[in-house]
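Residue numbers (our numbering), protein chains in the order written: chain A, 1 to 230; chain B, 231 to 350.
It cannot be assumed that every hint is accurate.
Estimated spans, in silico, between C-beta atoms of each pair [unchecked claim]:
hint, chain 1, residue 1, chain 2, residue 2, range
1, B, Y322, A, I42, 30 to 38 Å
2, B, W270, A, M39, 34 to 42 Å
3, A, D67, B, G266, 15 to 23 Å
4, B, F250, A, L78, 15 to 23 Å
5, B, I318, A, L78, 31 to 39 Å
6, B, T271, A, S46, 41 to 49 Å
Partner residues are not named here, just some residues of chain B that face chain A (Cβ under 7 Å, in silico) [as the list claims (entries may be wrong)]:
hint, residue
7, Q236
8, W246
9, V251
10, S253
11, I273
12, M277
13, F288
14, M291
15, M296
16, A297
17, L298
18, I302
Honestly, the hints are just simulated from the structure, not real lab data.
Owing to the predicted nature of the structure, the values given are computational and were not obtained by experimental measurement.
Beta carbons are placed, not taken as given, at the ideal position from N, Cα and C, and that holds for glycine.
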Amino acid sequence: MSDTSVAQTGEPLKEGLAGVVADYSADKTAFQVPWGKAMMWIFLLSDTFIFSCFLIAYMTVRMSAQDPWPLTSEVFSLSMGGQPIPLLLIAIMTFILITSSGTMAMAVNYGYRKDKKKTFYLMLATAILGASFVGMQVFEWTKLIVDEGVRPWGNPMGAAQFGSAFFMITGFHGLHVSAGVIYLLVVAFRVKNGFYERRGNDYGIVEVAGLYWHFVDLVWVFIFAFFYLW
Amino acid sequence: MSEGQQHPLSIYYSIWILLFVVSGFSYAVDYYQLQGTLRWTLILIFMFIKAGFITAIFMHMTWERMALQLAILVPPIFLMIFIGIMAIEGDYTFLTRIEFFTESDFVPFIIILGQHINFF
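Sequences and hints are given; from them, build the entire structure.
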């Protein structure tokens, strides 16, 4: 009853476009994946549109701003040994998020190998990296608000729209990372405590959590390109 | 299908390294202060390479069935229309501001053009 895939009819699944037609016209199941995964993908699709709205709004206000847009590589530079290095903190944050994406991919892989211990530690590492990303973002916000005087309604460097766009986009992304850290920790400790082992030894949920985490990384790729580098 | 997505670890390692290298490249674009067309072309290329590999390999999209691939990957294409509409809107707002809200020390092109037409 729980197995919705392959064998409702016993026939082999078709591939390519014929497979699309067959899947969509199926009586019960369109997507041949566990329901959790299909729902996560649909949630991520809707989230894609939310982040797109933010980034498109940012494009619109930046295009229509009369004052010059603040130079991000100067605003986000960090002094190392008395010499400012452009975007240093942002670069470190980018590498941390990529590293966490890698550990998450490993965790998913070991989950499917039923290796409880490795899955747990890799997910824990992912959550710790995510938490340190949020910590760096707090540092970045503090520096911007306290030292540089950036506010949602204006800033000393140029176009007033810079502040609101920055706080909305990175704030919403930071919220996603924070939620992801909690989600990962919950799943990680359930893996460790044998919660999934008792439920048919199925670690598909690790992949679903992984999809969310990779999406957070994916959004950062776009924010990095459009907000920090452009 | 019940075993889900299981792939050799080497694929993940190579994509991981590739993401690091490409991120290094896009950081280098800013570090060496490349400007103009070259800058945004490179930013977009590196961005799409990274986004593509994360979706295809880390999120296992390559190995999913086509029905799921189409359901997830086709709708975002319509965002291109949204971007186009809002780019026109942003441009229009900018021109309107130049026309009506500019201080007297800056004379917009359209007014200069109008004076020339009157002059002749």
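Satisfaction of the hinted span 15 to 23 Å by the C-beta atoms belonging to B:F250 and A:L78: holds (20 Å)
Interface hint for B:A297, Cβ within 7 Å of any Cβ on chain A: holds (4 Å)
Regarding B:T271 and A:S46, is the given constraint of 41 to 49 Å on their beta-carbon distance met? violated (31 Å)
At a threshold of 7 Å, is the proposed contact between B:Q236 and chain A supported by beta-carbon distances? holds (5 Å)
Would you check whether B:W246 satisfies its interface hint, that is, whether its CB is within less than 7 Å of any CB in chain A? Holds. Min distance 4 Å.
Hint status (Cβ of B:S253 to nearest Cβ of chain A, threshold 7 Å): Constraint on B:S253 satisfied, holds at 5 Å.
Taking the CB of B:Y322 and the CB of A:I42, does the distance hold inside 30 to 38 Å? Cβ of B:Y322 to Cβ of A:I42: about 35 Å, so the range 30 to 38 Å holds.
Hold the hint about B:F288 up to the distance rule: shortest CB distance to chain A must be less than 7 Å. holds (5 Å)
Go through the hint on B:I273 and say holds or violated, using the shortest Cβ distance to chain A against 7 Å. holds (5 Å)
Holds or violated: 15 to 23 Å for the Cβ distance of A:D67 and B:G266? holds (21 Å)
How does the Cβ-Cβ distance of B:I318 and A:L78 compare with 31 to 39 Å: does it lie in that range? Holds, since B:I318 and A:L78 (Cβ atoms, about 38 Å apart) stay within the stated range.
Restraint: B:M296 near chain A, CB-CB cut 7 Å. Satisfied or not? Holds, about 5 Å.
Hint compliance for this structure: hints 6, 9, 14 are broken, all remaining hints hold.
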